[in-house]
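Please work from the sequences and hints to get the whole structure.
There are 4 protein chains.
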Amino acid sequence: MKVRVGVVGGSGYMGGEVLRVLVGLPQVELAWATSRTPGPVERVHPNLYGSGLGFVRLDDASAADFVFLALPAEISIPVAARFLDGGARVIALGSAFRLKDRALWERVYGLKHGAWQLAEEAVCGVSELHRDEICGARLVANPGCFSSAAILGLAPLLRTGRIDPGHLVVDGLSGTAGAGADFSRAIHHPEIGENVVFYNVVGHRHTFEMEQELSRVAGQPVRVYFTPCYVPIVRGIAAVCRGFVTKRVGRADLLAIYRQFYEDHPFVEVYDQPKESGASWQYLPYPWVRSVAGTNYCFIGLDVDEERGSVVVISVLDSIGKGGAQAGVENLNLMAGFERTLGLADRGLHP
Amino acid sequence: MKVRVGVVGGSGYMGGEVLRVLVGLPQVELAWATSRTPGPVERVHPNLYGSGLGFVRLDDASAADFVFLALPAEISIPVAARFLDGGARVIALGSAFRLKDRALWERVYGLKHGAWQLAEEAVCGVSELHRDEICGARLVANPGCFSSAAILGLAPLLRTGRIDPGHLVVDGLSGTAGAGADFSRAIHHPEIGENVVFYNVVGHRHTFEMEQELSRVAGQPVRVYFTPCYVPIVRGIAAVCRGFVTKRVGRADLLAIYRQFYEDHPFVEVYDQPKESGASWQYLPYPWVRSVAGTNYCFIGLDVDEERGSVVVISVLDSIGKGGAQAGVENLNLMAGFERTLGLADRGLHP
Amino acid sequence: MKVRVGVVGGSGYMGGEVLRVLVGLPQVELAWATSRTPGPVERVHPNLYGSGLGFVRLDDASAADFVFLALPAEISIPVAARFLDGGARVIALGSAFRLKDRALWERVYGLKHGAWQLAEEAVCGVSELHRDEICGARLVANPGCFSSAAILGLAPLLRTGRIDPGHLVVDGLSGTAGAGADFSRAIHHPEIGENVVFYNVVGHRHTFEMEQELSRVAGQPVRVYFTPCYVPIVRGIAAVCRGFVTKRVGRADLLAIYRQFYEDHPFVEVYDQPKESGASWQYLPYPWVRSVAGTNYCFIGLDVDEERGSVVVISVLDSIGKGGAQAGVENLNLMAGFERTLGLADRGLHP
Amino acid sequence: MKVRVGVVGGSGYMGGEVLRVLVGLPQVELAWATSRTPGPVERVHPNLYGSGLGFVRLDDASAADFVFLALPAEISIPVAARFLDGGARVIALGSAFRLKDRALWERVYGLKHGAWQLAEEAVCGVSELHRDEICGARLVANPGCFSSAAILGLAPLLRTGRIDPGHLVVDGLSGTAGAGADFSRAIHHPEIGENVVFYNVVGHRHTFEMEQELSRVAGQPVRVYFTPCYVPIVRGIAAVCRGFVTKRVGRADLLAIYRQFYEDHPFVEVYDQPKESGASWQYLPYPWVRSVAGTNYCFIGLDVDEERGSVVVISVLDSIGKGGAQAGVENLNLMAGFERTLGLADRGLHP
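First to last, the protein sequences are chains A, B, C and D. Quick note on my numbering: the first sequence kicks off at 470 and runs consecutively. Quick note on my numbering: the second sequence kicks off at 470 and runs consecutively. Quick note on my numbering: the third sequence kicks off at 470 and runs consecutively. Quick note on my numbering: the fourth sequence kicks off at 470 and runs consecutively.
Hints are computed from structural coordinates only; laboratory data are not their basis. A few of these clues could be false.
[Unchecked claim] Residues on chain A that point at chain D, a partial pick, calculated with CB under 7 Å:
| no. | residue |
| --- | --- |
| 1 | Val638 |
| 2 | Ala655 |
| 3 | Val665 |
| 4 | Val671 |
| 5 | Val709 |
| 6 | Trp757 |
| 7 | Arg759 |
| 8 | Asp774 |
| 9 | Ser779 |
| 10 | Val781 |
[As the list claims (entries may be wrong)] Here are the simulated PhoX-like cross-link-like pairs (lysine-lysine), alpha carbons at most 25 Å apart as the crow flies:
| no. | chain 1 | residue 1 | chain 2 | residue 2 |
| --- | --- | --- | --- | --- |
| 11 | B | Lys581 | C | Lys744 |
| 12 | B | Lys744 | C | Lys581 |
| 13 | A | Lys744 | A | Lys716 |
| 14 | B | Lys716 | B | Lys744 |
| 15 | C | Lys569 | C | Lys581 |
| 16 | B | Lys569 | B | Lys581 |
| 17 | D | Lys581 | D | Lys569 |
| 18 | C | Lys744 | C | Lys716 |
| 19 | D | Lys744 | A | Lys581 |
| 20 | D | Lys581 | A | Lys744 |
| 21 | D | Lys716 | D | Lys744 |
| 22 | A | Lys581 | A | Lys569 |
We put the CB at the ideal spot given by N, CA and C, even for glycine.
In structure tokens, the structure reads:
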């Protein structure tokens with residue numbers, strides 16, 4: 470029996486990715502996708518040319534078993550409530566239900582939250598940390614792309630108890646897909662081409678998602694110093710995470726800890742290639758963004774500066790793959806009782 | 470029952486793509502892949518990190534039902550003979566068996582051909598033109614990437630008989646993946662970044678493949694004037710094909726002719742979006758390279774300049790997708806009696 | 470004595486480039502630059518941070534000796550008239566005064582032309598073809614970027630009389646700077662990144678500028694079949710020009726003809742590097758776009774397919790350098806009696 | 470009177486940039502440039518097509534007043550000695566003479582240093598910190614590109630005494646030009662295109678240059694945690710520098726301190742644009758890499774997270790501009806008594 474799935478906000482990049490992954494899966498009936506401009510999906514997403522999919526208005530969206538929300542925070546709150554009331558289970562890809570501290574959420578987003586009980590109910594959509602809760606959840610809130618990368622990259626490290634939780638420095642490098650389909654100067658090609666554009670270098674919203682989830686993992690308050698930038702690639706992000714060790718730890722030990730942490734999880738690869746350079750494996754000791762672009766994988770590599778007492782973790786994923794829409798589909802799979810890898814098993818491209 | 474498949478030349482981009490597509494398919498046993506440097510596949514193809522695949526030396530390659538050859542012309546001729554003699558069916562992704570005129574081949578490649586009877590036996594691997602022959606072939610020779618794009622783009626047009634066969638102008642824009650894994654100045658990032666690099670602007674080898682196959686389709690000699698360049702993208706190529714009409718023809722008529730030509734073929738989309746611009750479908754009347762990158766699709770769009778009496782056909786595909794390795798897998802599917810779309814159904818990314 | 474120069478439309482890429490080139494030249498007083506949003510120039514052009522330049526409203530622009538117009542066609546017509554009436558000499562970088570056939574202009578632009586006598590008066594701003602007229606002109610109209618590249622690339626060839634004037638095929642590859650500072654889907658980075666976007670593949674407006682000027686050079690009507698696309702680079706364009714020979718001609722002869730044609734002109738380099746490949750000069754027989762990006766140079770290379778009877782000319786320049794703003798400054802230099810190379814002598818970057 | 474200048478290692482990117490900047494300057498006689506392959510410069514640097522420059526073998530290099538060394542460390546030591554002995558003054562762009570601790574240098578480079586007295590004599594080539602010494606120096610050693618960016622970015626901050634000197638975190642994003650003209654996998658376009666490649670994430674050689682120079686500025690030992698990566702741009706780098714404050718400090722105060730620090734220095738712009746977003750100045754509060762690409766400028770912006778007690782400094786420059794060859798020319802200007810800005814005054818491009 471197929472599950473009926475709807476996508477609210479199908480003309481954006483997140484919604485379009487949900488459609489791309491789900492189209493053609495025998496277990497899924499793509500019931501509808503919404504857009505402010507109804508019409509053929511292919512006029513927005515040319516990769517789906519010939520798919521026959523079309524957009525409807527949100528008012529015309531019927532009941533569904535599962536609903537993806539790919540909407541700005543403000544809009545998505547009443548829409549989530551509507552579909553939950555109608556019996557659907559909801560996977561929210563936006564930021565409406567990510568934080569558990571209402572005052573913080575309202576300060577960060579500059580909005581009053583109209584349905585805070587939903588934020589309280591929402592399960593954090595990081596399957597590696599909340600799988601069982603996700604399976605039974607009515608409402609799942611996927612974190613932001615940088616948050617996903619940093620949380621996956623730092624959670625095992627914080628579990629070791631050997632890292633200073635007060636000084637975690639995270640640099641985020643994002644492809645432009647993460648900025649979305651709306652035009653803006655930062656991703657206007659003549660501006661971002663051959664450029665690096667920094668923004669919100671202090672106080673970026675994802676900081677608080679990282680701190681919330683990593684504090685939970687660490688069992689104590691964590692401070693993250695996060696600085697993002699756009700680099701001229703389309704898909705994929707990297708989080709470069711730095712911690713200062715409070716108790717000596719080696720690279721091999723850390724890799725073993727990471728491997729154990731993720732051993733039941735098919736989409737995180739703890740990445741470890743030889744550091745000495747060989748003819749064909751030059752520049753491979755740390756994971757590449759491109760290796761996970763377009764996929765639901767997160768590759769995590771790391772190194773230790775024993776002299777200086779620091780750890781560097783490189784965590785790469787695709788902001789609309791494992792950092793967004795595909796992680797949402799993974800959650801759909803968990804919630805619907807499908808194979809966790811359904812529709813998501815493809816490896817990235819090389820080159 | 471699984472078929473046993475081997476890949477000769479697995480460390481190049483073509484061979485790696487065959488591995489990426491076939492890994493995990495239940496119908497296929499990846500028997501082996503060869504490389505001059507045995508070892509883990511992931512040291513060359515980091516996208517396959519954790520796949521457990523390894524390279525063996527060519528001498529250690531065992532028997533197989535199907536063998537992909539991803540090798541330079543000179544080397545691949547005796548290797549093809551060896552595996553054919555051993556009972557395998559061979560899909561050659563290189564240029565050893567593409568031309569039917571021995572003198573021309575030997576002039577173009579500057580080599581003596583050591584097994585010309587194989588070149589004579591080889592079936593051209595364009596499934597849209599040679600499906601039935603491919604199904605029964607022992608040796609299939611896939612054309613070059615530009616040739617694939619131009620042949621698919623121009624074959625229906627030549628069938629109309631309304632085009633001057635003596636003056637077909639083709640511009641080829643290639644991503645750097647098409648140039649391969651070997652280092653060279655044209656695809657050294659500091660040189661090709663923010664650049665366009667023209668090469669072989671007259672006499673490129675693919676010219677002769679285009680002329681051979683299009684002459685066959687047209688039933689008369691065809692002249693192609695082909696000029697390629699590298700543009701700073703990785704995957705995907707475009708062939709811009711121009712013909713001068715000998716008898717008036719309109720855009721709608723041509724689109725209908727193209728649709729009929731490809732109606733039984735799942736991987737060619739005759740692309741037609743509105744020319745008038747709308748808020749969301751700006752710049753979409755002609756196909757985008759990115760829409761087919763990483764896939765086995767070829768999207769073909771066209772337009773007619775009625776005032777000047779010319780037709781422009783835009784044909785886009787991925788040089789190691791439909792223009793290479795994935796087209797080879799499509800031929801494997803035909804030869805092995807699988808679904809033609811097995812392992813190849815994915816749509817490209819947007820964005 | 471300094472000349473007073475004003476720039477109308479200084480917040481666009483063309484206007485900004487005029488400012489960048491002229492700022493700091495002792496011979497020039499940058500009297501003003503206009504923008505709909507007055508304020509520091511650096512908020513629009515961050516490269517000019519610290520320059521102290523500011524924008525004024527067009528209404529506040531005072532008299533000047535020379536005025537650059539970097540405006541859409543419709544707007545620039547009355548503005549040109551205003552400044553000409555005030556005694557200024559005008560260099561129009563837009564399309565208002567480029568065509569000499571009024572009916573054609575009005576059809577192509579879909580507008581009534583409000584000051585056609587100015588279009589008749591305007592001198593075509595290709596200094597290599599109209600130097601003496603430009604020196605004395607009151608109004609100079611610089612052609613479009615693709616037109617500049619194709620006209621410079623094909624003019625000497627047409628002079629030979631050995632080329633079929635009815636079938637010139639021109640492919641244009643443009644960086645995104647040529648599309649301007651206004652946002653649009655074609656140059657939204659997530660859409661154009663790793664992509665090639667074709668547009669107006671028949672009937673592009675620059676076609677008519679090429680035909681007008683090349684017909685003049687040839688002394689007979691010329692037909693150009695022009696197809697443009699955007700490639701994901703910022704600065705620079707290439708025009709790949711193909712002609713069919715009516716009378717045999719060799720590469721060396723053509724190069725000599727081109728060299729003679731441009732011998733008095735400092736910004737056109739007839740480009741000729743060895744075709745046989747060497748360790749360090751691989752891929753250099755034809756000019757690179759990057760070599761001229763940011764400059765006022767046009768590099769022209771060519772080759773002859775003697776077997777097929779065709780000539781390929783590769784003409785590269787920067788759409789806002791020699792194909793726009795810097796060519797405008799070159800015309801200012803001619804009009805003001807300066808050294809023709811004033812402010813323009815810099816070579817492009819490598820890498 | 471002209472000074473005679475020679476360039477050792479003219480076929481690399483650093484050497485080529487020296488040639489590009491110096492060619493045509495009336496104050497400079499380009500006496501010679503060396504390469505292992507003598508011949509026209511344009512076969513290596515196509516931007517200089519038509520310049521008439523040629524390479525000679527190092528053995529054929531004559532005496533000169535000033536010699537630029539653009540060579541690997543090992544080779545450059547005896548070459549420096551040779552030219553210094555011959556009476557030339559030397560500007561070393563490589564790493565032979567950058568560190569003052571011999572044991573450290575020999576460990577970091579894995580070499581014995583054959584002329585340590587030269588390393589001791591060498592003046593650090595950061596003109597903003599060592600102008601007077603440079604003016605009189607016989608041997609100047611320019612630091613690495615990342616070092617230049619981080620030193621310029623952090624020196625004023627350390628002078629405040631309000632920053633923890635033991636925990637400075639620096640992320641380096643580099644264009645591929647910084648990796649040089651030699652082929653390698655990290656800058657093979659199919660590998661780096663649409664990718665971010667991390668390398669030497671702990672223990673990168675530039676770390677020690679930063680620590681040496683910043684410790685000198687701070688008057689106490691400084692610890693830098695530096696992680697570099699390549700991003701798919703050609704020219705330009707960014708250093709994202711993070712410090713933890715030991716005593717509260719505000720953004721405006723810091724900007725004033727930085728401005729004062731650099732007030733006599735024409736090539737450092739302390740960058741400060743409004744943080745609130747406006748229609749045209751979106752994404753401009755921090756400097757862009759592209760604004761300084763191809764130039765001798767360093768733009769430095771910063772922000773303070775008062776809640777978390779941290780400072781972020783964004784320092785951008787071109788690795789072969791202010792972070793390499795052009796900074797070398799600036800030092801030539803100081804040493805020769807020229808205007809400091811001779812040949813270097815150009816602003817970067819926008820777009």
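Status of each hint after checking the structure:
Checking valine 638 of chain A against chain D by beta carbon gives a least distance of about 5 Å; that is within 7 Å, so the hint holds. The criterion of a C-beta within 7 Å of any C-beta in chain D is met by alanine 655 of chain A, whose closest approach is roughly 4 Å, and the hint holds. Given the 7 Å rule on beta carbons, the hint for valine 665 of chain A holds: about 5 Å separates it from the nearest Cβ of chain D. Hint status for valine 671 of chain A: holds, given a least beta-carbon distance of 4 Å to chain D, under 7 Å.
Look at valine 709 of chain A: its Cβ gets to within about 6 Å of chain D, closer than 7 Å, so that hint holds up. For tryptophan 757 of chain A, the suggested interface contact is upheld, since its CB lies about 5 Å from the closest CB of chain D, less than 7 Å. For arginine 759 of chain A, the suggested interface contact is upheld, since its CB lies about 4 Å from the closest CB of chain D, less than 7 Å. The beta carbon of aspartate 774 of chain A is positioned within 7 Å of a beta carbon in chain D (closest approach about 4 Å), and the interface hint is therefore held.
The restraint placing serine 779 of chain A at the interface with chain D holds, with a minimum CB-CB distance near 5 Å, inside the 7 Å limit. With 7 Å as the threshold, the beta carbon of valine 781 of chain A comes within range of chain D, its nearest partner Cβ sitting at about 5 Å, so the hint holds. Of the supplied pair hints, the one linking lysine 581 of chain B and lysine 744 of chain C holds, its CA atoms being roughly 24 Å apart against a limit of 25 Å. For a cut-off of 25 Å, the pair hint linking lysine 744 of chain B to lysine 581 of chain C stands: about 24 Å separates their Cα positions.
Among the hinted pairs, lysine 744 of chain A with lysine 716 of chain A is consistent with the structure: their alpha-carbon atoms are about 24 Å apart, no more than 25 Å. Proposed proximity of lysine 716 of chain B and lysine 744 of chain B is supported: the alpha carbons are some 24 Å apart, at most 25 Å. Of the supplied pair hints, the one linking lysine 569 of chain C and lysine 581 of chain C holds, its CA atoms being roughly 14 Å apart against a limit of 25 Å. At roughly 14 Å between alpha-carbon atoms, lysine 569 of chain B and lysine 581 of chain B fall within 25 Å of each other, so this suggested pair holds.
For a cut-off of 25 Å, the pair hint linking lysine 581 of chain D to lysine 569 of chain D stands: about 14 Å separates their Cα positions. Using a Cα cut-off of 25 Å, the hinted pair lysine 744 of chain C and lysine 716 of chain C holds, with the two alpha carbons roughly 24 Å apart. This hinted pair checks out: lysine 744 of chain D and lysine 581 of chain A have alpha carbons roughly 24 Å apart, not beyond 25 Å. A C-alpha spacing of about 24 Å is found between lysine 581 of chain D and lysine 744 of chain A, which places the hinted pair at or below 25 Å, so the restraint holds.
Under the criterion of a C-alpha separation no larger than 25 Å, the hint pairing lysine 716 of chain D with lysine 744 of chain D is consistent with the structure, at around 24 Å. For the suggested pair lysine 581 of chain A and lysine 569 of chain A, the alpha carbons sit about 14 Å apart, so the restraint of at most 25 Å is met.
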